[in-house]
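J.: Below, each chain spelled out in residue letters.
2 protein chains.
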Amino acid sequence: MEFVHCTPMNIGLDMMGGDYAPLEAVKGVAQYILENSSSVSLTLVGDQSSLEPLIAEHKIPSNRVRIIHSEQVIGMDEHPTKALKEKQQSSIAIGFHLLATGKTDAFISAGNTGAMLVGALFSIKALEGVLRPTISTIIPKENGGTGLLLDVGLNADCKPEQLNQFAVMGSVYAQQILDIKNPRVGLVNVGEEEGKGNLLAQATYPLLKENKHINFIGNIEGRDVLIDKADVMVCEGFTGNIILKLAESLYEVGHRQQIKSEFLDRFDFEIYGGTPVLGVAKPVIIGHGISGAKAFKNMIIVAQKMIESKVLDRMKEELE
Amino acid sequence: MEFVHCTPMNIGLDMMGGDYAPLEAVKGVAQYILENSSSVSLTLVGDQSSLEPLIAEHKIPSNRVRIIHSEQVIGMDEHPTKALKEKQQSSIAIGFHLLATGKTDAFISAGNTGAMLVGALFSIKALEGVLRPTISTIIPKENGGTGLLLDVGLNADCKPEQLNQFAVMGSVYAQQILDIKNPRVGLVNVGEEEGKGNLLAQATYPLLKENKHINFIGNIEGRDVLIDKADVMVCEGFTGNIILKLAESLYEVGHRQQIKSEFLDRFDFEIYGGTPVLGVAKPVIIGHGISGAKAFKNMIIVAQKMIESKVLDRMKEELE
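Line by line, the protein sequences are chains A and B. Start counting the first sequence at 1; every next residue gets the next number (our numbering). Start counting the second sequence at 1; every next residue gets the next number (our numbering).
In case anyone wonders, no lab produced these hints; they're calculated from the structure. Values in this document were obtained by computation on a predicted structure and should not be read as measured data. The reader is advised that the hints may include incorrect statements.
Unchecked claim - If you want the footprint, here are the derived chain B segments under chain A, 3+ residues with CB under 8 Å: (1) 153 to 160; (2) 193 to 206; (3) 209 to 219; (4) 238 to 252.
Beta carbons are placed, not taken as given, at the ideal position from N, Cα and C, and that holds for glycine.
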């Protein structure tokens, strides 16, 4: 018998985060509710007087949302730790408080990325046994599929044991959220053969090879990132961040160069919503600063899927 | 008064290296000679009985080339150090011997990359003061220009002082060979601000900032690699190799996806010829295994330019 989620789900959303907040966040909520007749309730954290008319305007049914008023906003350029500490009434601080105290089951924001990371790491406990949480990104594959790349910037310096855990967390996420069966895990490296690479990659390879919780296929190179070779691509956050931002720029380049390509169109990050923080005990999703309605809607869908699939429980099991 | 090159230049070429050798190498030589009426002589190292009929067939004038017979070939998959040691009569071993003894002024091969690197590092002295030689690649920029990325794989683990030298060598190469005036040097990193990055990038930033031999513009991110931000992009060889191979794959992806784009067409490595090894005392250029005639021709042009511009002497001066 499948264990089902009994209490109604409640997803918290920072309505003040991102360059186009709160309008695009409200539009995203409206689209989500229109398309998803589920029992998910949304907790919208933001300035009440701004939100109420927008919610009315976009005909959002009041039984699906509740507003939690926040008086402050953490700006995109504020120092994360300082801002979180000083702005206890900010939408991000309140959002994490609601999540930490069980008032919501997930938290989403397109606001200050650093503040979201600090909040995730310090307001929410790490999953038992996790050395370091990680963030990942979807990489569109040429054959129409999707891959998962991690870490993409939370951990610029890593130890082999951390990469080994990223491989497990990425595998579980790929299975549960991206619906990839038995995902192939590749170690991002400079050559195909075992023994290639920098000291970190050399030391990580044997750990991945011996890890029975993953389907390790060996090293993958830069040329393999965009093709259907590995479903989960593991590296430290320095290399991963460079790959992520280079991949994101392909969409912009394609757009500016007026290149007609369905493949390049898929590098539009809005399709995928945001980046979940993996390895913390509750679902936290960080959106891009320039998130529009579609991105907000898709972040809510990812959060819902993370709760429904109990992906974090599965990670915990696989890491044991 | 400009100091001119008095003795005739002689460029050595491994005719047996690469997947399409010796035919494409011969065709490249023929094209070079046809288009360049200079006083450059070419020393062609390879199997005499294979080369002679091809040279006749492609009407290569005998006063511009001489053949040095080699009996062995180092295969693409052979162990570099072992092969170089055991195959003293291979085209690569002979080519390096000619270069080391002053019989040629440069050496080019599209053969076993590892053997070329080992040969460059051990047959040819490092430039005085160089901690570690490096290899670079051209990165096409969206605005039509070109950037130089280094290191792209010779040094998977680096020290800050090495990156600082790569910045100088890359700057001199960009000025002398790519004709970029006062090239902007960027440190490949995960964020714009000083203090961002992994331990290596954090420690490298102040060195680049204080380096009076370069025009340091600060950090550049993955999104800046393809745009006109920095002319010389500095990183360790792990990240650089991933970027290089990802960039190379863009050409293949574009081709397979039938994307019409002048920009993506410029990711065809044949346009740029090969990769010079920077930091050794004589010009050594390594071609891609699948080099065709155009790549061979362009490698000879780069070698000629490296000799004429005395780029290695300039590097030595700037590193002092």
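J.: Please flag the earlier hints that this structure goes against, numbers listed from lowest up.
T.: Result: hint 3 breaks, nothing else.
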